[in-house]
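Chains as they are written, first to last, in this note's numbering: chain A, 1 to 319; chain B, 1001 to 1301; chain C, 2001 to 2389.
Hints are computed from structural coordinates only; laboratory data are not their basis. Heads up, the beta-carbon is just placed ideally off N, CA and C, and yes, glycines get one too. Fair warning: there could be bad hints in the mix.
[As the list claims (entries may be wrong)] In silico PhoX-like pairs for lysine-lysine, Cα to Cα no more than 20 Å straight-line:
| id | chain 1 | residue 1 | chain 2 | residue 2 |
| --- | --- | --- | --- | --- |
| 1 | C | K2176 | C | K2202 |
| 2 | A | K277 | C | K2230 |
| 3 | C | K2230 | C | K2174 |
| 4 | C | K2331 | C | K2079 |
| 5 | B | K1134 | C | K2252 |
| 6 | C | K2339 | C | K2131 |
[To be verified] Residues from chain A that keep clear of chain C, each with C-beta distances beyond 12 Å, as calculated:
| id | residue |
| --- | --- |
| 7 | F80 |
| 8 | I152 |
| 9 | S233 |
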Amino acid sequence: MNKRFFLIAIPVVAALYGLDYFLNEYINEYVVRVIMNCGIACILSMSLNLVNGCAGQFSLGHAGFMAVGAYVAATLTTVFPAGPSFQSHLGVGMAILSGGIAAGLAGYLVGLPSLRLRGDYLAIVTLGFGEIIRIVILNIEAVGGPRGLPGIPRLSSFFWIYVWAAITGLVLFRIIRSSVGRALLSLREDEIAAESMGINTAKYKVQAFVISSFFAGIAGGLFAHYQGFVDPSSFSFNRSVEVVIMVVMGGMGSISGSVIGAIIVTVLPEFLRFLDKFRMVVFPLILIILMLLRPMGLLGHKEIWQLFRFKRSLKKAVA
Amino acid sequence: MTLHAFIQNLINGLAAGSVYALVALGYTMVYGVLQFINFAHSDIFMLGAFGGLYLASWLAGVHPQPLQLALIMIGTMAFCVIVALTVERIAYRPLRNAPRLNVLITAIGVSLFLENLSQVVFGADPQLFPSIIKTVPLLEGDDIILNNIQVLVVGVSLFLMLILHWIVHHTKLGTAMRAVSFDIQIASLMGIPTDLVIAFTFVIGSSLAGSAAILYGLSYPKIEPFLGVMIGLKAFVAAVFGGIGSIMGAAVGGIVLGLAEVFTVYYISSSFRDAIAFAILIVILLVRPQGLLGSVRKVKV
Amino acid sequence: MFSIFFRPCGFLALSLTVLLTGCIKKNAGDQTEAANRTELLFGEYGSMTGPESTFGISTHKGIIMAVEEANSTGGVKGKKIRVISYDDQGRPDEAVTTVTKLITQDRVSLILGEVASSRSIAAGAIAQQYKIPMISPSSTNPKVTEIGEYIFRVCFIDPFQGSVMAKFAMESLKYKTAAILRDVKADYSVGLANFFASDFTKRGGTVVADLSYSNGDVDFKAQLTAIKGKKPEVLFIPGYYTEVGLIAKQAKEMNYKGVLLGGDGWDSEKLTEIGGDAIVGGYFSNHYSHEDKNPVVQNFVTRYKSKFGEVPNGLAAMGYDAAIVAIDAAKRSADLSSKGLRDAIANTKNFQGVTGIITINDERNAIKPAVVLKVAGNNLYQYVTTINP
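Please construct the entire structure, taking both the sequences and the accompanying hints into account.
Next up, the structure:
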């Protein structure tokens, strides 16, 4: 495992580093920006997929966790008196990690009530939590309240965003393939049956929440340090909804589906710009049509390579 | 003095809460039958307000005023029903057997679509809702003020809730609705036309939204395409708070939420108004996960 | 392990490659292309959709009108001006993306926007980074122009406007007690409220109550009950007209007898339409009065009315001014390079805009007097006084 891990990780990191250089040197900054937006969206959607897609718990507060991560990380590098010492790649990395941990703690707090609540009740609690976070930030003068927090060092590069995206993908993928993941899937399929099979549903639910919100916090920290500015309106209910849309569009429980969903939801509105004021009319329309024609999402429960593998084996069978 | 302020807040909270309650009923009814959050409900409410606005200018010549108001209200309810049935037929019915999250996403899609489309059609600037009935103070003390609109809002809401209660508990249709909400498959085996009953649930929910829109327009005469967002969220919170699926719960939840907001602003802090509404909700759900008046449904394997 | 990890990366790389086709970077500092074009490109970003779209759309109308007028009289240096506008949905992150697109893909020479300071701050950093001049029509937070030497604004800033109303309430109206009702979600409102409060106390007044609401709220009776109990002589509501009309109406229903004060966010015909007679008698600070007899103002109001069928609100006038300051600078500038444009904007002196005579100071803010207007009903405002900075 260890040897193989490094065999893969080293070339991937090197490739990302090379790609970072290539993008900065040769590619239009706007396109790079959209690609980086995609990266952050991927982290968000993959992490939400663990709770919404795998565990079947319905969370509508992902933007709240993102806000916690963004504000904790940005406060460390910007407001905190020792802030300037954080303003290096290593320091920002530490700040982002702290943001993730803070968001994970918040996830633990929200995960606890989920022990007693199911379905839409949980949805409304997470929604309420997201709103409370936003309102609390609005009322903290030290981080600018509604005026936002400017002057954050812009140190999240393509490289860092995609390294984190790769880590998120890898960790989530390993979790889903582990016994924890199986337990979560059983929760989604039938909670009572899972419990009667001896699965500690409470423990797994909280675990899923903490991991998911940790990565949402990481995404928030990356977002803050690449935007250079955060304000509470960036973490509204609409963003939570956007992430849910990514997950459902890609397919519940499918990590690669989440990546595809994130890319579509980020890139499609950019391509629809020519529609002007009808852009935001057409986008939901596409969403509705997709849901009607392909309710299981683009990939369903499968991962993208499983689709191809299935076709391959189908071909073999036919031959 | 403090007692007067308390009574004043009580009046204001009741009037605000009644509108929440009417909108919350729409959420709770659809939830009770289909187990999904109809996010588009708040936008049906918004469309109702615009419908009422245009109806009012069209019916401006009708006298006396109560008749005009009644006509506008009925017209708006009909309009909301048509919109809701179209949405149900096109967007929700094909997804009847899809996972619930999909239906929810579709509902969010419909909601975004209606909001942005109305912005294109009606413009983004807020519009004035005509004062069909002039605001007259009924009680005008130094510290306590009560006007006719507030009484009308509370009165009409109560009346509509009573009718709804009667429909659900004392008619054949209501029995069918309760049966469908208990178990849709068994109800259909028992010969209940489930699609029709579900459609009828939407009819009731949206006509309540329509009437709520008129009452809203009378109390807060500013209409804009995104007005449903906040009201919808609050009404939904009210529905969950009262116990989603329960009609009494939605009514009580709406009024409690209205009161909680007003008292929060007055006695605690105005900037934490929305936060405290949500905080109360979370606490209630922790203590009583099924909401105030919701019933625990035993789920079997 | 190899397959499960490598495949998604391969897919990622593939999708990225697809995205990248046709996105080859051009040299950002290259100005010759912009100079050789047959038209002059202006970029605009604003909230054209979403709950705050009413502000973005008003500003957009003002900008479009200014540019059409300039084009009908021959454009700038023989070139027609074209405006590329993008919607940022009222989100700072979208604002950053759209401004990046305007600069690096559309290669505009100058950027106009945003209304909200938070979005101007977020996107202004990008304009500064690429050294493309940006003029904000109505972002009043001092931090906006502090970003750098390429960021300008044509409106006054919060500290000035807050003190205008504090001074007016104390000295002209002779009131000693005030309450504040601020929009806690709007940076503009919070800024104005803070500066009003500090200035009012400094002048010897007392702020008896400081409450808040969030834009989008419709019921303010609880706040008003609390305020009424403290019996302030004036109530300062530095919000947008979208809520102020309703607040005034409910204040009247609640029998609040004090005087209402506000800022430039009040300026719209919707204020008196929704507020009705409840708002009559209120005072607000503004950049200009649309009843000003000055022919520049009257011409603007008539043309705007005939084009869009409505009275221009404050934001439309500010959008118009931002655009004509830009056009004027382009005419005076030695060349149409971004450096040339920037220097020309910085040199704007005593320029007659619709919203007053604009001089850009060393901090790149517009120095201009504020007027105080009294609401007289039927969308009529009485000019009360001018307060100089």
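For each hint, the structure was consulted:
1. A hinted pair counts as satisfied when its Cα atoms are at most 20 Å apart, and C/K2176 with C/K2202 qualifies at roughly 12 Å.
2. Pair hint A/K277 plus C/K2230 does not hold up; C-alpha atoms about 46 Å apart against a cutoff of 20 Å.
3. Distance check on the hinted pair: C/K2230 and C/K2174 sit about 18 Å apart at the alpha-carbon level, within 20 Å; holds.
4. The straight-line distance between the Cα atoms of C/K2331 and C/K2079 is roughly 10 Å, inside the 20 Å bound, and the hint therefore holds.
5. Distance restraint check for B/K1134 and C/K2252: the Cα-Cα separation of roughly 14 Å lies within the 20 Å cut-off, and the hinted pair is therefore satisfied.
6. For the given pair, C/K2339 sits about 8 Å from C/K2131 by alpha-carbon distance, which is consistent with the 20 Å threshold.
7. No Cβ of chain C approaches the Cβ of A/F80 within 12 Å, the least distance being about 19 Å, so the stated non-interface status holds.
8. Its beta-carbon lying about 10 Å from the closest one in chain C, A/I152 breaks the requirement of being farther than 12 Å from that chain.
9. A beta-carbon of chain C is positioned within 12 Å of the beta-carbon of A/S233; the least distance is around 7 Å.
Going through the hint list in order, the structure does not satisfy hints 2, 8, 9.
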